[in-house]
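Q: Residue numbers (our numbering), protein chains in the order written: chain V, 1 to 345; chain L, 1 to 345; chain P, 1 to 345; chain S, 1 to 345.
There's no promise every hint is true.
Claimed, not checked - Some, not all, of what chain P presents toward chain L, calculated at C-beta under 8 angstroms:
1. GLU200
2. VAL237
3. HIS244
4. PRO276
5. HIS280
6. PHE332
7. PRO345
Because the hints were derived from the structure by calculation, they are not lab data. Predicted model only: the values in this text are computed from it and were never measured. A virtual CB, placed ideally from N, CA and C, is assigned to each residue, including glycine.
Protein chains: 4
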Amino acid sequence: MINAGIVGGTGYTGVELIRILAHHPKVRITAVTSRSDKGVAVSELYPNLRGAVDCVFCEPDVKFLMESACDVVFFATPNGTAMGMAPILLDAGIRVVDLSADFRLKDPEVWEKWYGEPHRCPELLEQAVYGLPETSRDQIAEGQLIACPGCYPTAVQLGFMPIIEADLVDSEHLIADVKSGLSGAGRKAQVTALMSEVGESFKAYSASGHRHLPEICQELDRFSRHSVSLTFVPHLVPMIRGIHATLYATLRDKDVDIQAIFEKRYATEIFVDVLPKGAHPRTGDVKGSNRCQIALHRPQNDQVIVVLSVIDNLVKGAAGQAVQCMNLSFGFDESLGLNAFGIYP
Amino acid sequence: MINAGIVGGTGYTGVELIRILAHHPKVRITAVTSRSDKGVAVSELYPNLRGAVDCVFCEPDVKFLMESACDVVFFATPNGTAMGMAPILLDAGIRVVDLSADFRLKDPEVWEKWYGEPHRCPELLEQAVYGLPETSRDQIAEGQLIACPGCYPTAVQLGFMPIIEADLVDSEHLIADVKSGLSGAGRKAQVTALMSEVGESFKAYSASGHRHLPEICQELDRFSRHSVSLTFVPHLVPMIRGIHATLYATLRDKDVDIQAIFEKRYATEIFVDVLPKGAHPRTGDVKGSNRCQIALHRPQNDQVIVVLSVIDNLVKGAAGQAVQCMNLSFGFDESLGLNAFGIYP
Amino acid sequence: MINAGIVGGTGYTGVELIRILAHHPKVRITAVTSRSDKGVAVSELYPNLRGAVDCVFCEPDVKFLMESACDVVFFATPNGTAMGMAPILLDAGIRVVDLSADFRLKDPEVWEKWYGEPHRCPELLEQAVYGLPETSRDQIAEGQLIACPGCYPTAVQLGFMPIIEADLVDSEHLIADVKSGLSGAGRKAQVTALMSEVGESFKAYSASGHRHLPEICQELDRFSRHSVSLTFVPHLVPMIRGIHATLYATLRDKDVDIQAIFEKRYATEIFVDVLPKGAHPRTGDVKGSNRCQIALHRPQNDQVIVVLSVIDNLVKGAAGQAVQCMNLSFGFDESLGLNAFGIYP
Amino acid sequence: MINAGIVGGTGYTGVELIRILAHHPKVRITAVTSRSDKGVAVSELYPNLRGAVDCVFCEPDVKFLMESACDVVFFATPNGTAMGMAPILLDAGIRVVDLSADFRLKDPEVWEKWYGEPHRCPELLEQAVYGLPETSRDQIAEGQLIACPGCYPTAVQLGFMPIIEADLVDSEHLIADVKSGLSGAGRKAQVTALMSEVGESFKAYSASGHRHLPEICQELDRFSRHSVSLTFVPHLVPMIRGIHATLYATLRDKDVDIQAIFEKRYATEIFVDVLPKGAHPRTGDVKGSNRCQIALHRPQNDQVIVVLSVIDNLVKGAAGQAVQCMNLSFGFDESLGLNAFGIYP
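Let's have the full structure, built from the sequences with the hints guiding it.
A: Okay, structure coming up:
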C-alpha cells in the first residue's frame, strides 16, 4: 500500500485520477490539493465521488504533501506548477508523476518557444522519463520523475509508432488530423468551451501550430531512422470525452502487410488493441477505459496508409496513463486499477 | 462461483449486463443468446467488450441454457419472451432475473390492458418477486423469479417511497414529470430515435398514458395507507444515459422535516444517496454507477414538496439492479460488482 | 424605415436580434453597443453575420444612441442596465424595448426581493407595458416602454392562459415543470455552462425559487378570477435552443373540451399554434422560428390536464418577441421579419 | 412564378427544399411525392412546416407531376429513382434538378462500379450538367438536367478548386479529411444512426473507399493540368447539420500568397466566404445558410497548405444548392430565397 498525493484535484484530470485511484487496491489517497477550493470536501464539489474519498481539498503546499507521507505525487495542474514543486519532492525521495507539460520536452529552448516563458528547472529535463509505457516501459520502471504525454501525443504516437520504428513510411510527410472532445479544454470558465458555443458545431483550432506538435515530433524522432516532419491539425468535437486521430502516411513499399505489423508490435500490450481489418474504431467504445483502439486502412489499396486511433483523453490520454506509469514505477501489475471496459452506449 | 446466462444479449441492457458481470468475482457468463446475431462473437459486435468475454451469441434456446449449466438466467429481452421460457427454467431449478415487463404486474388483466395481449403464464405472477431491493429485499433473497422494475419506476418509487410509507402527502394527487435519455428506447432501428430526430430537441411522449404507470401505482399502493393516483409524463432528453424524475406532492403537514425523513429511510441503503439540502442532482454524476441520488426542495417553503431523483437507466434502472437482485438471491454481498463511481465529466 | 439601436449586442439575445433585424424590411440598424468589444466589427465577432451588418460595436452611451437617430432602442443587456438609460431615451421620444427583467414587475419591492437591489426608476414601472402580444396587444401598440417577458414566462403563460382566463382550473395548485436549453444561460464565461458540465446530463436548478416565478404569477393573476399559486421548477437540457414547459392543472369540470378552448383562444394568433389531439410538440420544430406550439393531454381522461408548450427561447422567448412588439408599436404588420419556419432537423 | 414538384419529400433533403421554397418569391410548390406517406399532409409529418405548404404527399408518379404543371422537378430521392423518371419529364420540357447521385458521374462504368448496378440511362449522362455554380455557372444556366453535387464533394471542391485551377499544388497527393453531421445519413430507420450509437462518440467510416470519391476526382480533374489523386476519409460527428473539410496539399512554391488567391477566386461569389487570416470556420456559423466559409493555414509556414471549408450539408450541400441552380436555370437572381444567415448559437 502506498500513499498518493494529487496536486490540482479540481480539474477534470484530477477528478479522474481520484475516481481511478479510489478503486486501486494498492493506493491510499492522502492529500488532494486545490488552491481555489481549499477546505471543501472533495465529494461536495464532485458528487459522483461521494463515498469514494473523504479528503478535503488542501493548499498546494510542498510541506503538507511531505507530512502526508506521500510516496508519489501526481500533478494534474496547469503548465508551470509542477516545475516549481517537483525538485523538493524529488529530493525528499518522493516520486513525481506529472500530467502537465512541464517535463515532456527535452530541450528547454523548445519549451520556452512553445510555452512562452523560460523553463524553471531545465536541470531536471534530462532525468525526466517520458511516460508512454508502450515505448518507454523500462525507463518508467526506473524513473523517479515521470512526464506523462499529452492526450493528442498519446493517440498520435501509438498510431504512428509501428510504421516509424519499422521505417515503412516517408517520415517527412506525416499528417495527423486529430479530433478531441471538450474535456480536453479543461474545467475553467471560458466562453469558447460553453455548450452554446461548441455544441452542434465542429471546428479546427490552432491549425497553424499547437503545443503538442514538438512533443510528438521529439518522440517520433527518437524512434525514426529519418528526420520526422508532421502536419498536425487539432479539432473540437461536440462531445465530452474522446480523441480520434486520423493519421496519413505514404508507404515506401506497397506490398507490406501493415495489419500484421501492428498486430505484432502490440501483441503483448494490454492497453493497445488492434482491431480486425475493415474496422473503424469509435471513441465511444473506449470511454472510461484505458484502452487505445487502432484500425488500419489502405484506400484504393494505394500507397497511402490511414491509421485510425482512439483513446479516452482523460484516461489513456491522462489519468489512466499516469496510473499505469505509477504501477510500473512501484512494480505493481501494470493494469492494476485500470481494467474497466468502455461504457457503451 | 455461479454460471449465468443472458437471453437477449444484443440490446443495451444485455450489453450492460455483460459489462458489469465481466468484473463480478462470483459470476461466470456461460451463455449469451441473440437470435439476430447467432454465431457472432460478442466482442465483434461490441468492441468495448473485447477481452471481457469470449462468448459467441447463440440461439435463445431453453435446452442450450440448461446445458450451459446456468444457475441464473437474465432476460434482457423485449416484453413477451421471458414468459415463454421462464417456466421451464424455473422447473429445472434455475433462477430467473427478468429485466423485461413480463412479471412486474400482479394482475394479468392489467398486463393485458397495457401490453395488448393476454399474459401467457399468469400462474407465475403471484410467485414473482418485484426486484426493487430498497422495498423488497427479503422477498428478493428468497425469490426464484425476480421481476426487475422498469427504469422510470425505479427513479419514481425511490423518490416517492419515503413520503408514501410515512403517509406524509396527499397520495391521490401525485405528479411525476420524468425525463429519460435515449438508451431507454433500446437498440432497434427506428426513425424516432435517430440522432437527427432527437438531438438538439426535447419532447414529451406518451403523455396520455405510459406502460410504466400501472407498475408504479401497484407498488406505491402496496406501501400506502391511502389510495394512490399519479399523473406520469415521460420526456426524451437529447442524451444517451440517465433518468431524472421531478416529483411533486402536497404535504399534509407543512412542519415535517422531509430531509431528515429521507436521510433516515435510506441511511443503510448503499445505492440510494440523499444529497444535502439545496442540492440538485445531475444524471451525469450517476452515469455508469448503480446509484440513485435524491434531493429535496420546498419551493417558497410551501406545501408542495419537490423530489429530484436521478439514476442511470441502464444500471440502477436495469442491469445494475438485476445484478443487485442476483447478489441478494445468491447470498453474495449486495454490492458485489457494483461499486463503480459515476463517470464525470 | 426606422432606425434601431441595440444595447448589449454581444450576448446571444443581441446577436439574434441582429440576425432577425438584418432581414426586416422596415428597420435599419444604426448602432450596436458592447462595452467589452468596443471597436470590433460585429461580423468579426460573429462570422454568421458576415454581410448582414457593417456595424462596429460602440460604447453603450445614451448620447451616441441619440446621435444615431434611433427611433427604437432594444436592451439585450444584463438586468440593471436598461433602468439606467431608459429614462433619457424615453424623454427624447425614443421607444424602448427592454429584453431584460428591469421593467417586467409592477411592484418595486418584489423586484428588489428577487433581484437583490433597489429598483432605480420605479416611477417607470407603471408606464411599462408587458410585451406579450397574445395578452397585451393593444397596450403594446400604444406603449413607449415595452418590457419583454422572460423566456420561461412566455412558454408558461401561453400554455396556462386559456384555462386561467376561462376559469377552468384550480389556479391555486398549478405546476410548471420547465426545461431549457443552454443558450438561456447566456454567453458569459462560467464553469456551470461548459459543454463538459452540461453535455450528456440533465438537472433541475433553482428548484426552491427562480426569478421568473413572480413575473409569471403577476401576469396569470391579472387574468385570473382567483388567486394564483404556482410551483415552478426549471431544468437544464443538454441542447442549445428551446424551452419545453410541461404544465399541470386540475380541471374544475371534467367534461370541458380543452382542445376546443385552446383552438378558439389562439385562432387568430399567428405565432401560437395549437397542435392536433395526441401530438407532442418538439422544441426542435420551432428552432429559429417565432412560434409557440402547444398540445394538450388528459392522462387517463382524468381531472388533471397536461399542457405541453414549446418555444425557441432566443426567438419567441426573446429577440423574436421583441421584434413582434416593435412591429406592433410602429404599426407594422405584426409578423414582419418573423416568418421563418423552424429548422428541422 | 414557376411551379415546382418535389419527388421524395420525406427525407431531410426534401423537407429542407420545402422549407426553402416556401419563402421563395418566384416558386409555387404544386406536388410533393412520397411513396411511404401518400395521403398524409406534409405539415402533419413535419410540424415545423405547419402553415408553409398545404400539400398532401402523393404517389411518385410521372403522370401526376406533369398534370401538376411542374416547370421543374426536384429529386430528393435515394440513388436510382431519378434515372427512371427523368427521361419522360425532360421529354415533356420539364427541367430536372437531381439531388441524388444518378447523373453526377460522366462515366457509366464508374457509376456501376461504385453504385453496384448498371446505369439505366447512360445516354443522359453527357447532357447532365454538374450543379456546382462556382465552377459551372454558365452550363447550369443553359442546362435542362442538373446533377447537384453531393455534400462532401461541395465542401471539398470549393476548398481545393482555387489551388487546383491555378496549378499551385501537387495534385497527386491530396488529402481530404472530412467530418459530417448525422443528417447526411438520411431519415431512415437504421441502428447505426441512433442517438445512442453516434452521440458522444466520433468515428471514421468508409475509410477504404466512399462513393463521393470518384465524383470529387472527376471534377477536380476537369480543372487540373495534372492528374489528380485524392485520399478521402469521411467521419461522423455527433451533431445534426454541418460538414467540415480539412484539406491538405503540398505547395509547389512556398512563396505564393494563398490567402490572396482564394480571395480573388471567390471575390464575386455570394455563397463562398473566405475568412480573414488566422480564422477557423465553425460549421455552426453556416447552419441554415447556403454559405461556404473557408479559411487557410500554413502550419509552421511550411510547404503544406491546410484548407478548412465548412457548409451546412442540407443547404449548400443539398437543398440550397439545388435552389441556387434552379435560380440560375430560370434566370432568377442567384440568391433568391437563399439569403438566410447562419443560426448562432
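Q: Are the hints correct? Go through all of them and say.
A: To see whether the hints hold, each was checked on the structure:
1. Taking 8 angstroms as the C-beta contact cut-off toward chain L, the hint placing P/GLU200 at the interface holds, the least distance being around 5 angstroms.
2. For the restraint placing P/VAL237 at the interface with chain L, the shortest Cβ-Cβ distance is roughly 5 angstroms, inside the 8 angstroms limit, so the hint holds.
3. This hint holds: P/HIS244 has a C-beta 5 angstroms from the nearest C-beta of chain L, less than the 8 angstroms allowed.
4. This hint is violated: P/PRO276 has a C-beta 13 angstroms from the nearest C-beta of chain L, more than the 8 angstroms allowed.
5. Given hint, P/HIS280 at the interface with chain L, holds; its Cβ is 5 angstroms from that chain's nearest Cβ, closer than 8 angstroms.
6. Because the beta carbon of P/PHE332 sits about 31 angstroms from the nearest beta carbon in chain L, more than 8 angstroms, this interface hint is broken.
7. With its C-beta approaching chain L no nearer than about 4 angstroms, P/PRO345 sits inside the 8 angstroms limit, and its interface hint holds.
Hint compliance for this structure: hints 4, 6 are not met, and every other hint is.
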